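> Using the hints, put the two chains back together into the complex; each one sits in its own frame.
Chains A and B, in that order, are what the protein sequence lines are.
Each residue of the first sequence is one higher than the one before, starting from 1 at the first, in my numbering.
Each residue of the second sequence is one higher than the one before, starting from 105 at the first, in my numbering.
Quick caveat, the hints were computed from the structure, so don't treat them as lab data.
Accuracy of the hints is not assured; some may be wrong.
[To be verified] Residues of chain B clear of chain A, computed beta-carbon distances all greater than 10 Å:
| hint | residue |
| --- | --- |
| 1 | F164 |
| 2 | E174 |
| 3 | P209 |
| 4 | G248 |
| 5 | F255 |
| 6 | A340 |
[To be verified] Chain B stretches covered by chain A per the calculated footprint, using a threshold of three residues with CB under 8 Å from any CB of chain A:
| hint | region |
| --- | --- |
| 7 | 300 to 310 |
| 8 | 360 to 373 |
[As the list claims (entries may be wrong)] Far from chain B, by Cβ distances over 10 Å, these chain A residues were calculated:
| hint | residue |
| --- | --- |
| 9 | L8 |
| 10 | Y27 |
| 11 | I30 |
| 12 | G38 |
| 13 | G45 |
| 14 | G51 |
| 15 | R52 |
| 16 | E59 |
| 17 | R63 |
| 18 | Q64 |
| 19 | S68 |
| 20 | I71 |
| 21 | A96 |
Predicted, not measured: the structure shown is a model, and the values here were computed from it.
Every residue, glycine too, gets a C-beta built ideally from N, C-alpha and C.
For reference, the chains in residue letters:
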Amino acid sequence: MNIPVETLNSVVSLLAQAEPALPPNLYKAIGAGIAGIGAGLACIGVGIGIGRIASSSVESIARQPEASGDIRGAMILTSAFIEGVCLFAVVVSLLAVMGFGTSG
Amino acid sequence: MNLTASVFQGIPPLVLGAASPLVHVSDGRLTIDPGFLWQLGITKQTFMFMLGGALTLLFFWSYARRVGKEPVPSRWGNLVESLLEFIRDQMTRPFIGEHGDRYVPLITTFFVYILITNLLGLVPLFDYLGHGSNTGTGQLAITGALALSAFVSYHGLGIKEQGSLWTYFKNLFPHVPLFVLPIIVPVEIIAHIVRPCALAIRLFANMLAGHTMIAVLLGFTVVFKEGFEIAGFAIAATSVLAVTALTFLELLVAVIQAFVFAFLTTVFLAGAVHPEH
Chain A
1 MNIPVETLNS VVSLLAQAEP ALPPNLYKAI GAGIAGIGAG LACIGVGIGI
51 GRIASSSVES IARQPEASGD IRGAMILTSA FIEGVCLFAV VVSLLAVMGF
101 GTSG
Chain B
105 MNLTASVFQG IPPLVLGAAS PLVHVSDGRL TIDPGFLWQL GITKQTFMFM
155 LGGALTLLFF WSYARRVGKE PVPSRWGNLV ESLLEFIRDQ MTRPFIGEHG
205 DRYVPLITTF FVYILITNLL GLVPLFDYLG HGSNTGTGQL AITGALALSA
255 FVSYHGLGIK EQGSLWTYFK NLFPHVPLFV LPIIVPVEII AHIVRPCALA
305 IRLFANMLAG HTMIAVLLGF TVVFKEGFEI AGFAIAATSV LAVTALTFLE
355 LLVAVIQAFV FAFLTTVFLA GAVHPEH
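Just chain B, same shape as in the assembly (with noise of 0.2 Å):
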């Protein structure tokens, strides 16, 4: 099968104002798609969610491989070991102490995951890889199935940490006299209850946002092209600068948020093994 006529038949109207700036933050269909991928449900984002696991998997274990053969680390593996003394040392002893140490790779696992993925929707060509956007982290989906697996990290850790359910079921709730008790416990199941689901919608807007941001800026050049010869011309690069500019700005932002996931979850996590009393 000839690969390039295919990827250019199903080429995305990437620089056509489509229906609304939105479908090019939507999901779709993989271009070199044999049919049963769609079936299955192997979106383009999914498959950019699993390509940032391969490539997770990849960062750890390139350095893992050779940690116990080099006596000094090499650059990449100073890299790896500066980025696991950052999550150690900013993110969980601060908050869970010394014997936080053992969930330092779960921390790191999100931190990396979230980071990769983020950054994979702000390589360019990927585009063409698909109908959609190419962020995997801009779906509500996605971000909500890495939310439900913090919040049950953190909570399966509380358990174990503390012994029996009931022990962590007690603990969930500040000890206060029994007559506050009916107030203080649905706020605090509402509570719980509310704390994953903004984490994953926090995720999802912010990736969700930027790019429809820049998706919005880049359509001008095409809905001013009938009629504004010159004046098309100029709103044509003002917006390609400014959509420069808020690529950056999407770069920082990527970074940022898999920080506050990964931060977050940390925070969650010292909440549920060492309640405080």
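The following block holds chain A by itself, in its conformation from the complex (with noise of 0.2 Å):
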């Protein structure tokens, strides 16, 4: 007997007479959900590395203001970067919601 199969069974039967409708496609809801879950751990890491650039370059500001405008375009420029490897993370679970959504 395969057990994960079984207890994920029973945990869906019990939930089926807690609540008399049930969403026909449960397993597919709650797939969406984790989906979403990792878009937002892709978010932690992001928010991570661009309050660190953030931190070094206001840092650096300080101690050199003349060089100012070099360093700001710098942490936009790096900012934007690694805003876009939080995005990629996005669109991946937006094909995941998307793709087992509502059709197959």
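In structure tokens:
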């Protein structure tokens, strides 16, 4: 007997007893929720990275205010690259939600 | 044909929640569509992209006509010239050097085209031109086409610069000892394929994410309109203020993403034209 499938089926039947109208694509909904969690996890790394960029650039502007133009340009450019990484993860989770959402 | 009547017949459900906020960022047909345009494949975003191309041509041509005739550039000429100088001094010369000046038109075209198409997505009343989003670059097909043309451009210019295809191919991979080569070659090939895809997805996802946020926040005004009379008004006012702030951020993101695309194209072009030994 397949233990994980049995456990999952018993959990689902418990849920079905608690709430009479179970959505027909419960597993797809759970998968979509997990995709959302994945996108949020990607944003953790991006927040840390851009925070480090901002902290070191502000510190170097404080050390040498006459270079602030160059430093500001570099800060915005590198933040855009790292933001792109977060958005790759967002696109992947959108694909996960859309691909399995209501069709197939 | 009564243009006003036909425009307002096809009024897209702008302020209605629809099925999901993604309806407001997907692609749809134009409002004044005599039918054959949709069959040709011209959707609203394609039309916006072509409009961006026409505006780019107008941007440069409006100054190019006058450039030989006046000794001192006018205000508009100053704008165009300062843009070109910015790209030459900040992007091309640090990476390619003096003889990279011939690539400035290419990079400027990418920059201005993507900038204008991104900014067209922020013009408010263009939404009435059709169903869906009015950001040309909010679609992976269009940004994929831009990235593909950048890919073909820098590889083609690299091949032309270095003479033959075989020389260019040898210079694609760093010159390492022979036993490291089976590891380096697949990694470099994957890197070369992933870079234009990253260009496409970065631009597409930035534009899509911004407009989806705006659609979601504006959808709050609709979702909360039943049964939340006073609180609903407060929520609506807050969401409109938040959308105003987000639109300013979107303006910044539009300019930055155009700059990043042009900057990365310059870096790849520099790598193709001047490989490091």
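> If a hint holds in the structure, say so; if it doesn't, say that too.
Now the hints, each set against the structure:
For F164 of chain B, the shortest C-beta to C-beta distance to chain A comes to about 25 Å, beyond the 10 Å cut-off, and the non-interface label holds. The non-interface label for E174 of chain B is consistent with chain A: the shortest C-beta to C-beta separation is roughly 31 Å, beyond 10 Å. Once the 10 Å rule is applied to beta carbons, P209 of chain B is consistent with being away from chain A; the minimum gap is 22 Å. A cut-off of 10 Å between C-beta atoms confirms that G248 of chain B is not in contact with chain A; the least separation is 13 Å.
Against the 10 Å criterion, F255 of chain B stays outside the reach of chain A, whose nearest CB is about 17 Å from its own CB. With 10 Å as the threshold on Cβ separation, the claim that A340 of chain B sits away from chain A holds: the shortest Cβ distance comes to roughly 26 Å. Remark: the region 300 to 310 of chain B is confirmed as covered by chain A, as 6 of its residues place a Cβ nearer than 8 Å to a Cβ of that chain, reaching the required three. Under a criterion of three residues with beta carbons nearer than 8 Å to beta carbons of chain A, the stated coverage of the region 360 to 373 of chain B is upheld, 5 such residues being counted.
With a least beta-carbon separation of about 28 Å from chain B, L8 of chain A lies farther than 10 Å from that chain, consistent with its non-interface assignment. With a closest Cβ-Cβ approach of about 20 Å to chain B, Y27 of chain A is found to remain outside the 10 Å limit, as its non-interface label requires. Chain B leaves I30 of chain A outside its interface by the beta-carbon criterion, the shortest separation being 18 Å against a cut-off of 10 Å. A cut-off of 10 Å between C-beta atoms confirms that G38 of chain A is not in contact with chain B; the least separation is 15 Å.
Against chain B, the non-interface label of G45 of chain A holds: every CB pair exceeds 10 Å, the least being about 16 Å. For G51 of chain A, the requirement that its beta carbon stay farther than 10 Å from each beta carbon of chain B is met, with the minimum near 18 Å. Listed as outside the interface, R52 of chain A is consistent with that label: its C-beta sits roughly 19 Å from the nearest C-beta of chain B, beyond the 10 Å cut-off. Non-interface call for E59 of chain A relative to chain B: holds, since the shortest CB-CB distance, roughly 22 Å, exceeds 10 Å.
Residue-level check passed: R63 of chain A sits 23 Å from the nearest beta carbon of chain B, beyond 10 Å. Consistency note on Q64 of chain A: stated as away from chain B, and its beta-carbon is indeed over 10 Å from all of that chain's, at 20 Å minimum. Against chain B, the non-interface label of S68 of chain A holds: every CB pair exceeds 10 Å, the least being about 16 Å. Look at I71 of chain A: its CB is around 14 Å from the nearest CB on chain B, clear of 10 Å, so calling it non-interface holds up.
With a least CB separation of 14 Å from chain B, A96 of chain A remains clear of the 10 Å interface cut-off, as annotated.
Consistency note: the structure conflicts with none of the earlier hints.
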